[in-house]
Amino acid sequence: MAPLLEVSGLKAYYGATEALHGLSFALEKGGITTLLGANGAGKTTTLRAISGLVKRDGRITFDGEAIDRAATEDIARRGVAHVPEGRGTFTGLSVEENLKIASYGRRDKSGVKRDLDLVFSYFPRLKERLNQQAGTLSGGEQQMLAISRALMLSPRLMLLDEPSFGLAPLIVQEIFHIMRRINAEAGVSMLLVEQNAALALDLADTAYVLETGTVVMSGPAAQLKNDEGIRKSYLGY
Amino acid sequence: MEQLIQQIASGLASGAIYALVALALVMIFTATDHLNFAQGEMAMFSTYVCWQMIQWGVPFWPALAFTILFSFILGVMIERIILRPLHNASVLSIVVVFIGLLAIFHSLAGGIWSHTIKNFPSPFPNVTFAGSGYIGAHQIGMIAVSLIMLFALWGFFRFTPLGLAMRAAAQNPVSARLVGVNVDWMLALGWGLAAAVGAVAGAMVAPVVYLEPNMMASILLYGFAGALVGGISNPAGAVFGGFMVGVLENLVAYFGNLTEKTFGIYIVGNGEKLTVALIIVIAILTLKPAGLFGRTTVKRV
Ligand SMILES: Nc1ncnc2c1ncn2[C@@H]1O[C@H](COP(=O)(O)OP(=O)(O)OP(=O)(O)O)[C@@H](O)[C@H]1O
Ligand SMILES: [Mg+2]
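Chains as they are written, first to last, in my numbering: chain B, 1 to 237; chain Y, 1 to 301.
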C-alpha cells in the first residue's frame, strides 16, 4: 500500500538558516506515527514545513499528490489538519465560531453537521461552552477545541504538535484516549509530535527520532519503547 | 437650551461620519496593525467619482451605489497590487507607502477635477418637520445612512461565514490558514470594505464641507481620534468614539461661546474646537491607553 504521507529530502529555512537538513519518512494510511526529539530538534518545523508555513525544499506527497508547492490553506482543504503548537485558539471568537470557521470552505452541509455531532460526542464539555469566548477556556479545553477544530476539516491526516503540553496528567490521558478513538473510529491518520516520549510511544505504531534537523533513529514504536539502550541514548528516560 | 440641543444634534451628525471613518481605519488596523493614513484621501477621491457620475446625469443613489462598488474594487486592488508585495516590509516603509498613496490621490483629484471648491448635492429633501428647528434634514439623513451602513457591516461580520472568516483571519492569521481560510484575500476584502465605507462617509459629508481635495483632512483626524478613544482594536468602540468626538467638538464650541457671552472672557471658540477636542482625546488616552473599550480578551495559558 502506498503511504498516505511521504516526505523525502525535506529541508526548511528560517530566513537564511537551514533548520531541517533533508528529512525523509513515510506515514501509512490509518497509522499513528510519532516524531520524537529534544527541544529544538526540529519537530515543530517539520509539521510547519508539511503545512507550508515555513520556506521548504524537498518532496512531500499526500495521498499520491505533491503538496510541497501548495499554499497552507489548500493543504488544509485537501485534508491535512494541523493542530499547532500552542493550540492556535481564536481567543476572541466564541467556541462555536472556532468550530464553524473550520467548515468555512466545506460544501457538504450534512457532513458538517455530522462532524459537529462527532466532536460533541468526543468532547461534550465543548457543547456546554458553545457561546463562551474561547480565550476563557482552560488549557485542556482549548486543546480539545483545537483538535475539534481540526476534525471539522474532515481530515484524513492530523498533525498534532505537543497536545499534552502544559496539561495535568488526567486531562492528557483523556485527550490521548480520544485521539486513539478518532484514529480508530474516524479513520484519521496521525503524525504526533511529543516531548513526552513514553506517552507518544504508547499511542503510536511507528516512531522517528529527530536530532538537530535529521532523523537519527526510527522503527516500530513498541521496539523503541522496549529497548532500554535506545531509550537512554535517544529519548532520555 | 435650544442651542445646546442643536449643537448635540449636529455633533451626532458629524460624529456619524467620524464613526464611519474610524470604522474604516479599525477594519484595516485589526487585520494588519497599520493605520491607513490614505483612508481620507481615498474617500475624497471616491466622492469626486460620485460627483462626476451625478454631473453626467446619474441620479444620486445609483451614483452612490456605483461609487461604493468602484471604491471597493479600488481598495481590493490597492491591497493586492501595492501592499501585497510589501507583506514583510518594515513598518516605516509601509507608512511611506500610505503617505505616497495619500499624495497620489490628492494630486490625482486636483489634476482631474481642479482644486476649486464644488457644491455637492444632498440627496435628502429640504423639508421642515417637527423638530427641524434642532436638526436639518441632511443631518438626519447622514445619521440614518451611517447607521444603516454600520448595522449592515455588523450583520455581515457577525452572521455570515465570510464575515467570520475575515474576523478569524484578522485575529490569528496562522490558525486561519490552517483551517483553510485564504488570509491574503481576506485582507484584500477588508481593504475593499474600508474603502467602500470611506466612500459613503465622503458622499454624506460633502454637502456640508463642500467638495475639494482637502475635504477629508480634518475628518480623518477626527476619525483617528474617535478610533483611538474607543479602542483602535474594537470596531464598536471606534464607532462610539467617532460619535463621541463629534458631540465633544460641538460642545467645546458651545461652552466656549457661552463663557464669552456670559463673562466676556474668550477661552475657546469654533477656531479651537479641533484642538480642544484632540486635547481631551489625549487626556483620555493617557488615563486609558487602550481606549475606553480597548480589547481586553482574557487569555489563559
Ligand atoms: N521562528 C524561528 N526563527 C528562527 N529560528 C527558528 C524559528 N523557529 C524555530 N527555529 C529554530 O529551528 C530549530 C528547530 O526548532 P523547532 O521549533 O522545530 O524545534 P522543536 O523540536 O519543535 O522544539 P520544542 O520541543 O522546543 O518545541 C531550532 O534550532 C530553533 O531555534
Ligand atoms: Mg516544537
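These aren't lab readings, by the way, just hints derived from the structure by calculation. For each residue, glycine too, the CB sits at the ideal point set by N, CA and C. Hints may be right or wrong, so weigh each one.
What the hints assert, rightly or not - Residues of chain B clear of chain Y, computed beta-carbon distances all greater than 12 Å:
id, residue
1, T61
2, D74
3, F90
4, G92
5, E97
6, R106
7, P169
8, D227
Unchecked claim - Here are the in silico distance ranges between beta carbons for each label pair:
id, chain 1, residue 1, chain 2, residue 2, range
9, B, L130, Y, G155, 38 to 46 Å
10, Y, V268, B, T136, 51 to 59 Å
11, Y, F60, B, R114, 31 to 39 Å
12, B, L130, Y, L86, 49 to 57 Å
13, B, D108, Y, F66, 32 to 40 Å
14, B, D108, Y, P85, 34 to 42 Å
To see whether the hints hold, each was checked on the structure:
The beta carbon of B:T61 sits about 20 Å from the closest Cβ of chain Y, which is more than 12 Å, so the claim that it is off the interface holds. Listed as outside the interface, B:D74 is inconsistent with that label: its C-beta sits roughly 8 Å from the nearest C-beta of chain Y, within the 12 Å cut-off. Its beta-carbon lying about 5 Å from the closest one in chain Y, B:F90 breaks the requirement of being farther than 12 Å from that chain. With a least CB separation of 5 Å from chain Y, B:G92 falls inside the 12 Å interface cut-off, contrary to its annotation.
Once the 12 Å rule is applied to beta carbons, B:E97 is inconsistent with being away from chain Y; the minimum gap is 6 Å. Here B:R106 does not stay apart from chain Y, with its beta-carbon only about 8 Å from theirs, under the 12 Å limit. Listed as outside the interface, B:P169 is consistent with that label: its C-beta sits roughly 18 Å from the nearest C-beta of chain Y, beyond the 12 Å cut-off. Remark: the non-interface label on B:D227 is consistent with the geometry, its nearest Cβ contact in chain Y lying 35 Å away (cut-off 12 Å).
Distance hint for B:L130 and Y:G155: a CB-CB separation of about 20 Å, inconsistent with the stated range 38 to 46 Å. At roughly 45 Å, the beta carbons of Y:V268 and B:T136 sit outside the given window of 51 to 59 Å. Separation of Y:F60 from B:R114 is about 50 Å and departs from the stated range, judged on CB atoms against 31 to 39 Å. At about 39 Å, the beta-carbon gap between B:L130 and Y:L86 misses the expected band of 49 to 57 Å.
Between B:D108 and Y:F66 the beta carbons are some 38 Å apart, a value that agrees with the proposed interval 32 to 40 Å. Between B:D108 and Y:P85 the CB atoms are about 37 Å apart, so this pair conforms to the stated range of 34 to 42 Å.
Hints 2, 3, 4, 5, 6, 9, 10, 11, 12 from the list above are not met by this structure, while the remaining hints are.
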